[in-house]
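Chemist: Chain by chain, the residues run as shown.
Number of protein chains: 2
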Amino acid sequence: MTIKQIADELGVHPSTVSRALNPATRGLIGKATTERIEQAAKKLGYYPNAAAASLRTGRSKLIGVFLPDITNPVFSPVLSSIAEVISGAGFATIVADVGNDGRNQSKMMFELVARRVEGLILATVSRNDSLVQQCISEGLPVVLVNRAESKMRVSSVTSDDAYGMRLAIEHLHALGHRRIGHLAGPQNLSTGYLRNKGFHDAVTSLDFDPADTPVVECSAYTRQAGAAAMKSLLEQNADITAVAASNDLVALGAYGALQDAGLKVPDDISVVGHNDMPLVDMVSPPLTTIRISHRELGREAARLLMSEINQEGSGRRSIVLAPELVVRNSTRQI
Amino acid sequence: MTIKQIADELGVHPSTVSRALNPATRGLIGKATTERIEQAAKKLGYYPNAAAASLRTGRSKLIGVFLPDITNPVFSPVLSSIAEVISGAGFATIVADVGNDGRNQSKMMFELVARRVEGLILATVSRNDSLVQQCISEGLPVVLVNRAESKMRVSSVTSDDAYGMRLAIEHLHALGHRRIGHLAGPQNLSTGYLRNKGFHDAVTSLDFDPADTPVVECSAYTRQAGAAAMKSLLEQNADITAVAASNDLVALGAYGALQDAGLKVPDDISVVGHNDMPLVDMVSPPLTTIRISHRELGREAARLLMSEINQEGSGRRSIVLAPELVVRNSTRQI
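Protein chains in written order, with our numbering: chain E, 55 to 388; chain A, 55 to 388.
These are calculated hints, taken from the structure and not from any lab test. If you're wondering where the values come from, they're calculated on a predicted model, not measured in any experiment. Mixed in with the good hints there might be a few duds.
A pair counts as met if it fits within one copy or between any two copies, since identical chains are not told apart.
[Stated by the list, open to error] With a Cα cut of at most 27 Å, we get these calculated DSS-like pairs of lysine-lysine: (1) Lys58 to Lys97; (2) Lys85 to Lys318; (3) Lys161 to Lys97; (4) Lys58 to Lys161; (5) Lys97 to Lys205; (6) Lys285 to Lys97; (7) Lys285 to Lys318; (8) Lys96 to Lys161; (9) Lys96 to Lys205; (10) Lys96 to Lys318; (11) Lys285 to Lys96; (12) Lys85 to Lys161; (13) Lys285 to Lys251; (14) Lys58 to Lys96; (15) Lys97 to Lys251; (16) Lys58 to Lys85; (17) Lys251 to Lys58; (18) Lys285 to Lys85; (19) Lys161 to Lys205; (20) Lys58 to Lys285; (21) Lys205 to Lys251.
Work the whole structure out from these sequences, hints included.
Modeler: Shown next as structure tokens:
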């Protein structure tokens, strides 16, 4: 069954059929015609042979998304909005939960290259990421989302992490806090590094005493690592009145450690998160945090990748979105 | 660059190279040899041409997963464990967030068939699902996860939804509750239907007065729908002392509506959820719920699909996993 046979059946030109059945060009054809063609294609049992088409055109209409941890709730809206844009362009999305192991990431990249994937969105990169160089060597279009590299070798879409942390510190400062700890994220990741830098710059410009702004680095963005870091921070600096966490999972881990230490949030200590991931409005107490529009991160990354694939792009770019402070009940005046 | 050239370079047989580079057969080759071959393949810039291989073998090594709502946190562990099993078998996973619209689902299915996808895992089905018949007509292996059909046309992996609800009701009964409302899920979905049936069977066998066990159906598994249903339940039956929700998001919606009505959980009213999705241990109060092992659901579904694809299966089967009660602080003795 071919496009020509469908065209004959309906008395239209084959190129009309071809356009109507291609999501990327469907908009060029009237809605009624598109529906007639779709019904005929379905009735006649036609579907394009993508493997043959891929050999002929060199195009698979596939893109890959690498996530460091699919069970981290912040990635759901990123993935959802990527899939929305990608599928609107007639592409399908292969999702790979590759963790943080470079060898594993590299292996998966080569498997996708073997499937003729046309581009990758990486939510996994460290500040010095070997995978990015490998993709460049393969000539594979790549866009980074949420985390960026130190060098700007490819396009990226991130939140303004340093500015977000400044919002958190200014909020705590306005509430009267003068001894604030920071639960820093992993320093090999741009988010961890830039939020830590934002913390340092903010307390410096607000004339905090360096001894009153202790920092402990978490081994990962998890509740467990957040709890361990909070415990260590309390042991060293029992007199802090507030904590700025590098992300929401870390903040929730801190909640647990503070409860274990007999301290109440926000009565004894204020806590600020980072991300505004789903459900932190419902935890006890509801978390004051820095809201990042993860849907927007995903959408912009997918658009950038599509324009690179279609060679409409005007070169590398780094898009930085402004986050905002969301005040809930985990912070209070002292 | 071909397999033969790599074999010549290393002085091994081409079939050894082929096996070492195929994740499904890699285990047959010694680890040291596999590493030498992988390094040589990388150095020599070899990767198999999947489009050509797909035409030759008729195999794409791709499977698809259809989710109704990628932002619902219960699907993260399902997806993560599916990807783990699938990628261990040398396949890649295309994820499609298809919503509940049959036309959209059907269109996406045909797009994946055009890409020679070898099988589908559907987390989307309603009790009478037209997509399942379409897949059967296409000869496409399909496994259902989390939700099943009324007819058993294909294999499925679900939680024992009726039994889970029985656990919830027996828990509330043991705490002395005798007037219990049910926030039912959508009745066109097996989860909504079977949990409602489980509620009905449990209150009947425990000799509740039917007038004391009101049911309101939610329009969707969301916080918004849960809040609306809770409000309606309170208006009709202000004297209930407990609520069994059809899922955790619905229970969290009920929390909001109860707060608006000036009622405290669990002092004025006890609430039980269903799923034990991430973070419900941290909400206020921590939610008593029915724990489903979503990782196990995903793993079993992926294994079933792989054995159907490899034709090792012994026919359709429905695997039903037993859930368990997790008691936290949203329920209390009256």
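Chemist: A separate judgement is required for each hint: does it hold in the structure or not?
Modeler: Now the hints, each set against the structure:
1. Lys58 to Lys97: within (15 Å within a copy, 45 Å between copies)
2. Lys85 to Lys318: Close neither inside one copy (60 Å) nor across copies (53 Å); limit 27 Å.
3. Lys161 to Lys97: between (41 Å within a copy, 13 Å between copies)
4. Lys58 to Lys161: Classified as between: cross-chain Cα gap 21 Å, same-chain 41 Å, threshold 27 Å.
5. Lys97 to Lys205: between (53 Å within a copy, 25 Å between copies)
6. Lys285 to Lys97: Close neither inside one copy (65 Å) nor across copies (47 Å); limit 27 Å.
7. Lys285 to Lys318: For lysine 285 and lysine 318, only the intra-copy Cα distance (14 Å) is at most 27 Å; the inter-copy one is 32 Å.
8. Lys96 to Lys161: So lysine 96 and lysine 161 pass the 27 Å test across copies only (10 Å; inside, 38 Å).
9. Lys96 to Lys205: between (49 Å within a copy, 25 Å between copies)
10. Lys96 to Lys318: neither (62 Å within a copy, 55 Å between copies)
11. Lys285 to Lys96: For lysine 285 and lysine 96, the Cα distance exceeds 27 Å both inside one copy (62 Å) and across copies (45 Å).
12. Lys85 to Lys161: between (43 Å within a copy, 15 Å between copies)
13. Lys285 to Lys251: within (22 Å within a copy, 47 Å between copies)
14. Lys58 to Lys96: within (15 Å within a copy, 43 Å between copies)
15. Lys97 to Lys251: The answer is neither: 61 Å in one copy and 39 Å across copies each exceed 27 Å.
16. Lys58 to Lys85: within (20 Å within a copy, 52 Å between copies)
17. Lys251 to Lys58: neither (61 Å within a copy, 52 Å between copies)
18. Lys285 to Lys85: neither (61 Å within a copy, 42 Å between copies)
19. Lys161 to Lys205: Only inside one copy: lysine 161 and lysine 205 sit 23 Å apart there, 41 Å across copies, limit 27 Å.
20. Lys58 to Lys285: neither (70 Å within a copy, 57 Å between copies)
21. Lys205 to Lys251: Within one copy only: 17 Å inside, 58 Å across.
The earlier numbered hints that this structure contradicts are 2, 6, 10, 11, 15, 17, 18 and 20.
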